[in-house]
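As you go down the protein sequences, you meet chains E and G in turn.
First residue of the first sequence? That's 17 in this note's numbering, and the numbers climb one at a time after it.
First residue of the second sequence? That's 17 in this note's numbering, and the numbers climb one at a time after it.
Hints are computed from structural coordinates only; laboratory data are not their basis.
It cannot be assumed that every hint is accurate.
Unchecked claim - Which residues of chain G face chain E? A few of them, derived with a C-beta cut under 8 Å, are:
1. Val66
2. Glu161
3. Ala179
4. Pro211
5. Pro243
6. Pro246
7. Val391
8. Lys450
Yeah, the Cβ is synthetic: ideal placement off N, Cα and C, and Gly gets one too.
Number of protein chains: 2
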Amino acid sequence: MRRKVYLKLSTLEDALKTLLGKFAESPLATEKAPLDQAFGRTLAENASAVLSSPAFHGAAMDGVALAAADTFGASERRPKTFTIGQTAHWVNTGQPLPGGCDAVVMVENIVSEKAGDGSETVSLEKAAFPWQHVRKMGEDLVAAESVLPPGTIIGAYEMGALAAAGVLSPLVFARPRVVIIPSGSELAPLAELTPEILASGAKLPEFNSLILSALVREAGGEPEVWPIVPDEPDQIRAVLLKAAQSPAHLVVVNAGSSAGSRDFTAEIIAELGELLVHGVSIMPGKPTAIGEIGGKPVLGIPGYPVSAVVAFEEFGQRLLARWQSREKTEKPTALALPFQALPSKPGMEEILRVKLGRVDDNLIAVPLARGAGTVSSLSRADGLIRAPAPVEGLPADVPAKVSLIRSPREIDGALLAIGSHDNTLDLLDGLLRKQHPGCRLTSAHVGSLGGLMALKAGRCHLAGTHLLGPDGTYNRAAISEYLPGLPVKLVRLVDREQGLIVAPGNPLELEGLRDLTRAGITFINRQRGSGTRVLLDWELARLGLDKNAISGYEDEEYTHTGVAAAVAGGRASAGLGVKAAALALGLDFLPIGVEEYDLAIPERFWDDSRIQSLLEVIRGKGGHCPWRL
Amino acid sequence: MRRKVYLKLSTLEDALKTLLGKFAESPLATEKAPLDQAFGRTLAENASAVLSSPAFHGAAMDGVALAAADTFGASERRPKTFTIGQTAHWVNTGQPLPGGCDAVVMVENIVSEKAGDGSETVSLEKAAFPWQHVRKMGEDLVAAESVLPPGTIIGAYEMGALAAAGVLSPLVFARPRVVIIPSGSELAPLAELTPEILASGAKLPEFNSLILSALVREAGGEPEVWPIVPDEPDQIRAVLLKAAQSPAHLVVVNAGSSAGSRDFTAEIIAELGELLVHGVSIMPGKPTAIGEIGGKPVLGIPGYPVSAVVAFEEFGQRLLARWQSREKTEKPTALALPFQALPSKPGMEEILRVKLGRVDDNLIAVPLARGAGTVSSLSRADGLIRAPAPVEGLPADVPAKVSLIRSPREIDGALLAIGSHDNTLDLLDGLLRKQHPGCRLTSAHVGSLGGLMALKAGRCHLAGTHLLGPDGTYNRAAISEYLPGLPVKLVRLVDREQGLIVAPGNPLELEGLRDLTRAGITFINRQRGSGTRVLLDWELARLGLDKNAISGYEDEEYTHTGVAAAVAGGRASAGLGVKAAALALGLDFLPIGVEEYDLAIPERFWDDSRIQSLLEVIRGKGGHCPWRL
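Could you build the full structure based on these sequences and the hints that come with them?
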């Protein structure tokens, strides 16, 4: 079986330079867009004012317009009188001054009188300055003046400026057209798949084209998704030729750009045109190919969804932006402390997806799952941290630059919970968002002990914990031991039934922990430091069982749902976890005992409005009253 | 003439609380949106995973899948051999593991051999761990797990998470429908107006509905613009009743919400329903009315475009966001130093539009024109500063919180020029953006002397200046006098012809500055500290003319185009300014002399890449070489 090789890994910077250099010339046509259809379009030239705005001298107040010179000498003792329609004219704000007028006197400063014949006079007791309360012609914009530069995206503000300047059909770029070709023999259109087919793995759902289409739209382009092409060189060759000859400006093949035996994208680009880059030293995103066919850029985008997003953001979106005379919209950045030291792969620029929370004065970053396949790590992320190639990982005490996916306000509204996982945390988050807009709960799962360590280091607002102490009670002993000197309140969130999670119908007829040592039974464990692991060890000791006799004791998951999924997928015969996780996946559950899941909250955060909101939600849902350690 | 009164000015906070309290219940229906049509929609409920993702154990590498237990004992000396199709199976990344397999061995670590009968075997020299290179079922998402909370806007990342979780038609909110009713007898649809009608002021262009539509779209809603209604109570009453009975969720009347004699919006709302708020203590945005008719919210939005934007952002967008279970998208914020102390109106919360530049380590804010009518102040703004009501203005040395309209990266790419105005600065900006993507020139016009003062205070990167010295040469004397101890380089940007700007055909037959003292001739001057003003005074002294004999000497404009517009609009018979400004408006020009317009650049910025880019552009356009003072 032949394995291909990457040309040579390029750095992100070099690959970008190659791409933007080769395709520097914008292939986009321009067109006039009437303003009512111009929202979101991009200006293709400097828009210059056709008219001055205002196009005339206008009233800036409601009142009478008159010639200032006529008012000179008016005083309380000698008011001056004007006849409406002759020497003075009622005007409303915005109306043009009648000929001969150069000032407006506010309605409050006027005494008006109607005569029997219907004529009206006004008198004033103070002279007016020339041009008082007048919006002068050209005050906003003067004809021929530049209003907006090319590359400007037309939003609400720009709409107003263009209209005021009389630019009723600005010249905009035609939307860049992007052909997206999903490729892979294992793929089938999302709509054609049933849950059964999906669960069997006979076909994989093709949904990257949805993600890529959204990224194209975000960059101002129009996506066109072509049918799925199997991993057959002839078919890939044919479709690439067809795409190169189509009116599209950019061709994206997803995937087949890696160096596997059935990855043909790179070599077919080389065969039909020129392969410029194959392999980029970023993670995720490494298996990216960049080339051209018939002068048209072709991007080979990796298949894992997160890699696809990173690669298209870095290359596709940047190219589309450049063609539209602007830079890719950058996310705002901030400095964040990693909640603990984060390793990264040397020689690769790694893009970490993180959750963020502001604890005391520090922005704290907690990384999400790193796998390039974990789409959830993108939708759950609050920000992205780039660990540059020459650096091996991020130390815990050096702030790292983070690109913000959520607004600073959203992040500041978040309570950061680090610790043990319980599904109630997700429910709480939903209720918080609903009952206290602007407030939310973001949680990272590192086990009970990890949560207490994070509390100690000031890296979270609260920690979910269920640690069984040597005295048989929950949490109090652990807090005394691990958080000396840190005043903490404990809030009971739930009493949880822990037990063995087994396949539906319990086919192996397990009855309890003793059965875990039976031949043929495999176990899935939770990670060290998790409350469930502590409970297991405590129960094993109580029963006098040897953990080394349990097959799978060393196989670890980080969440209850992870354990349940391992059982549901047949990876293990049983795991220890909460009942809710078993029920969610339709599994059977053998109770072991009830444990106390508490939220540990440092007293210094107690009066924080977000914590008070959280407590309100918990009390509203029948949660216990907090008690002091 | 009757003048109405505001109910009582509400603070922004109170007005918002009233609005969001009264209309807390979301009137929006929900609907299922297929994913390929869901881009930009908002989730109406917690989206829970239908499937686990992956839905099966899959290969995380290309290679062979097998049962790890079968490999135990394999070594270099005793390789183990497997038959493809029986005990081992070729798999590509992402493919499901065949039944009985629980590990993948990478293709690099395998020796494969084909026999004559077509059968294939692979051998390996090292045992595999169970679950090595396997993406386990549910690694990304476990069925029933919460994927995304309500209120989430579906972008590229969310699209991926929903598809991976099998949520193919998420429940989203119906787009809020907003009826926009332009009102005002003076208004006509933009498309129906010719430049002649506009210049006459007979009709004003109605374009706020374009701005408001864009703001509605930004907030996820669908705008519906109704025909313009004249300021006739009966017609306004009729259209408001019709709108209240329509399927729209929110009704916006623009304008008529002020307290002028022809402003009927507020009283008609009170008559047909309930008027909750009339007048808010923000500037711009004060004449806002909030009420309900038939239980439907009605917003009376002020007529000045900037006021309309502020009022709709604060009230309309927030209400639409709340109905969609989220908060209005907030702009990121930063701290900026005002370039000089900025006064504001006591008792009102003022929203200042500012330009921004990063000078040394400070973000510097320069306010744009404040008039509520100056739409250009929005499109030109880089950020917004709120001067809170209890504070009178912003001191020069206290950083103020600024909401950023441009990305920090765009702002950091900007050179901030404060000083004299020349149209070449706009041209330079356009060329910079084009030739050096990411780089731009942002300029604020405060006259030559104001620019030198800003340089001295470290509040800008460069200053455009044309100050005639007592020795008859330009700029050198002023720099020596005002910037002692600050090493500065001067770059000649243009030699400018200054002269009298007069009406087309010079109907008053002016010949030079002497004629300015003629009876009936009015002059428009530039502000104190501007180079043009210095030139005028210098020339008047040279000619022995008395400035007090010039009518209009005290009437000031801040730019050359402002002077030209004053002449074009008949406000003055003549003004002193550059030829380019006269030509742009089709005016006549009587040359007075040639002056040197230089850019003063502190030496400490000389090697800054943005300054170097600027110099490249200037040299490319035939600019002079820089010389050192």
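How the hints compare with the structure:
1. A hinted interface residue such as valine 66/G counts as satisfied when its beta carbon comes closer than 8 Å to some beta carbon of chain E; here the least separation is about 7 Å, so the hint holds.
2. At about 6 Å, the closest approach between the beta carbon of glutamate 161/G and any beta carbon in chain E falls short of 8 Å, and the interface hint on this residue holds.
3. Against a cut-off of 8 Å between C-beta atoms, the interface hint on alanine 179/G holds, since the closest Cβ of chain E lies about 3 Å away.
4. The beta carbon of proline 211/G comes within 6 Å of a beta carbon in chain E, closer than 8 Å, and the hint placing it at the interface holds.
5. Here the hint on proline 243/G is broken, as its CB sits about 14 Å from the closest CB of chain E, past 8 Å.
6. Restraint check, proline 246/G versus chain E: the minimum CB separation of about 12 Å is more than 8 Å; hint violated.
7. With 8 Å as the threshold, the beta carbon of valine 391/G comes within range of chain E, its nearest partner Cβ sitting at about 4 Å, so the hint holds.
8. Because the beta carbon of lysine 450/G sits about 7 Å from the nearest beta carbon in chain E, less than 8 Å, this interface hint is met.
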